[in-house]
Every structure is written in structure tokens, then in C-alpha cells.
Amino acid sequence: MSGITPFSVSKQPPLILVADDDKTIRVLLRKAMEQEGYRVVEANDGKQCLDAYEIIKPDIVLLDAVMPVMDGFTCCKHLLQIARNNLISALATFDTNSGLNNTVISKIWERTPILMITCLDDEESVDRAFEAGATDYVTKPIHWPVLRQRLRRLLQQAQVYKQLEAANEALHHLANVDGLTELANRRRFDDYLNTQWINLAQEESPLSMILCDIDYFKFYNDKYGHPAGDVCLQKVGALLSLKAQKHQDLVARYGGEEFAVIMPYTPASGALHVAAAIQEGIKDLQIVHDGSAVSQHVTLSMGVATVVPTWESSPSDLIVRADKALYQAKTGGRDRFVSSF
1 MSGITPFSVS
11 KQPPLILVAD
21 DDKTIRVLLR
31 KAMEQEGYRV
41 VEANDGKQCL
51 DAYEIIKPDI
61 VLLDAVMPVM
71 DGFTCCKHLL
81 QIARNNLISA
91 LATFDTNSGL
101 NNTVISKIWE
111 RTPILMITCL
121 DDEESVDRAF
131 EAGATDYVTK
141 PIHWPVLRQR
151 LRRLLQQAQV
161 YKQLEAANEA
171 LHHLANVDGL
181 TELANRRRFD
191 DYLNTQWINL
201 AQEESPLSMI
211 LCDIDYFKFY
221 NDKYGHPAGD
231 VCLQKVGALL
241 SLKAQKHQDL
251 VARYGGEEFA
261 VIMPYTPASG
271 ALHVAAAIQE
281 GIKDLQIVHD
291 GSAVSQHVTL
301 SMGVATVVPT
311 WESSPSDLIV
321 RADKALYQAK
331 TGGRDRFVSS
341 F
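If you number the sequence shown the way full-length UniProt numbering does, the last residue is 341 and the count never jumps.
Since the hints were derived computationally from the structure, they do not count as laboratory data.
Quick caveat: nothing in here was measured; it's all calculated off a predicted structure.
Honestly, I wouldn't trust all of these hints.
Capping the alpha-carbon separation at 30 Å, the derived lysine-lysine pairs in DSSO-like fashion look like this [said to hold, decoys possible]:
1. 218 - 140
2. 218 - 235
3. 218 - 162
4. 283 - 162
5. 47 - 140
6. 324 - 283
7. 77 - 47
8. 218 - 47
9. 23 - 47
10. 246 - 283
11. 283 - 140
12. 223 - 235
13. 223 - 246
14. 235 - 324
15. 246 - 324
16. 47 - 57
17. 223 - 283
18. 31 - 77
19. 47 - 31
20. 162 - 235
21. 218 - 324
22. 330 - 283
23. 140 - 246
24. 223 - 31
25. 57 - 31
26. 223 - 162
27. 47 - 162
28. 162 - 77
29. 246 - 235
30. 283 - 235
31. 283 - 218
32. 162 - 57
33. 140 - 235
34. 223 - 330
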């Protein structure tokens, strides 16, 4: 698993989608918006608005209420449904991948503000606009200073949401990622193991784990210094990520010079295959280690365990089995992997 790149807020000018069947109004809106420094995309009706929205992902939508093909009220409902569908999709896939990019909270904030432009200023029409999902409205003939102020307010609110989303992504990154290796940290390891345990207990599918320990790492730090030790940890972590076989596999820094690989839906044979590939890959790195008693280069001891989770057992059972196998690998001479099934 690679590290996570924190979300960054775009520095481009806001992008406004204008949907109105009156070309004159669209031209006036475009000129007014471009004078404010905004980028503008036009649509002739609600159907075109939906198509454009899916492609360009605007910062705000200016939507005429009365249009042919699809009126603004109907279009507004569809835009709101898109936001709901995105949230449902985020909830359905939440925590099933290691990327953590599609957090539920960012999906909640994904909805784009909609400013309805209408010639209907009666109470019923206003209520209808808000019921359809409009964030605000202005009436025709357009009072341009009012439109500019409401646009600025909505865009400022949207910017605050994006900044909150960026902060949330950064905090999520700090809470779940090891700063040195950019792998998942122990907290993420625990959360992911518990989640996969529940999923696989329901499906009666296998769950494998490899616990890895860099042999004689204290001697490595003593001889080459802690900065070199940090580089060694980074190289080993990168190799483990490379050898993990499936996108569901999670590679974590378990603690100090220990690493762990969680492999959902992986039987014992698959786990042993990964362990062998890791051992071969570590040898290929050729990281010099004169302080080792088993090799001139950095080596790993690994404990491999596989179980089919049940409601009567717990994730700690798998950790214990992998840890016992790791102990056997160490006492058996290191630079090897031992399985416990």
C-alpha cells in the first residue's frame, strides 16, 4: 500500500454552470460572471445542465426555473439525487480499500450549491424551489448587485467546505499513516483487521497475515546510525508494498522494525507465496548489514498465519498465531519464514 497524498483545494477561479433557455440572459450572465473573474459554462436546458454537470463538476449552478425539455425544478431534483447517489456509493464502499480517498464526509460535502433564477416570485414557487433542492434564489428581472452578493456568499461557503474537507483528509492521513514509511500505521492496522474479520466471518473466507521483523536491526542502527536505519525501514516497507498481491492487501508498520501484511481472501498457499516473494525481494535489495549474524545483507524473519474468521474467535487469535510463527522463525536461525495454520 502506497502513501496517501493529502487532498488540496484547487486554486483555479470558481467554475459556474449557467442553465437558461434565453440566450440573451445567458450572455448577460456570462459577461457579469466573467467580470467577477469566474469561469462560465452554458447550457440551454435542464437536460444539458445535467450532462454538463457530470463532466465539469462546477463550483455552483445558476439554474433558470422555467425551461423547455427539462425545467429547473426537475433538474434541481436530479442534481440533488446525484449527490445522494454519491453518498450511498461512498457508504457502500467505505473502508474497503486502502486508499482512503473517498471518505464519507467528503461525499456529504460534495453537493454543489444551486442558485435558482426565476420570474416566479410567489410564495408557492419559492417553496417549490427550496423543496427541489435549491440553495438560494433570485428573481427576474435580475438585480445584478444582489446576484453578485449571493454568488459570493455561496462560493465562500463552498470554499469553507473544501477547506474543511482538506483538513479532514490531512487529519485522516496523520491518524492512519506512518510518517516515516508512508505505510498504514498500527491504528490503521487494527481498524482494517477488525473490519476484515467481520466481513470474512460472514463469508466464511480465509484471512492471512504475515508478521515481519528485520533481523538484528538494533545492530544495524548501532553500526550505521539512525538516519541510515530510517532509510532501511523505508526500503523494506516499499518492498513489502510491491510484493503484496491484491488491492485488498494492507501493508502496515506494526512497530519499530516490525511490519505486517493483512491479506483478505488469501489461503495458506497464497500467503506462503507472498512470504517467499518478500524474502527473495529483500535479498535482491542487497542492503549491506555487517552487524548481522546470519548474512552480510539485511534479512527478514517472518511468521505466516491463516485462519477462517468466526464469530467465536477474534482478530487477536490471528495475531497470536502469526507472532508465534515469527518467534519460531527467529529461534530457528532467522532469515526465513515459518507458517502456522
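Checking against the hints above, which ones are violated? 1, 3, 4, 8, 11, 13, 20, 23, 24, 26 and 33
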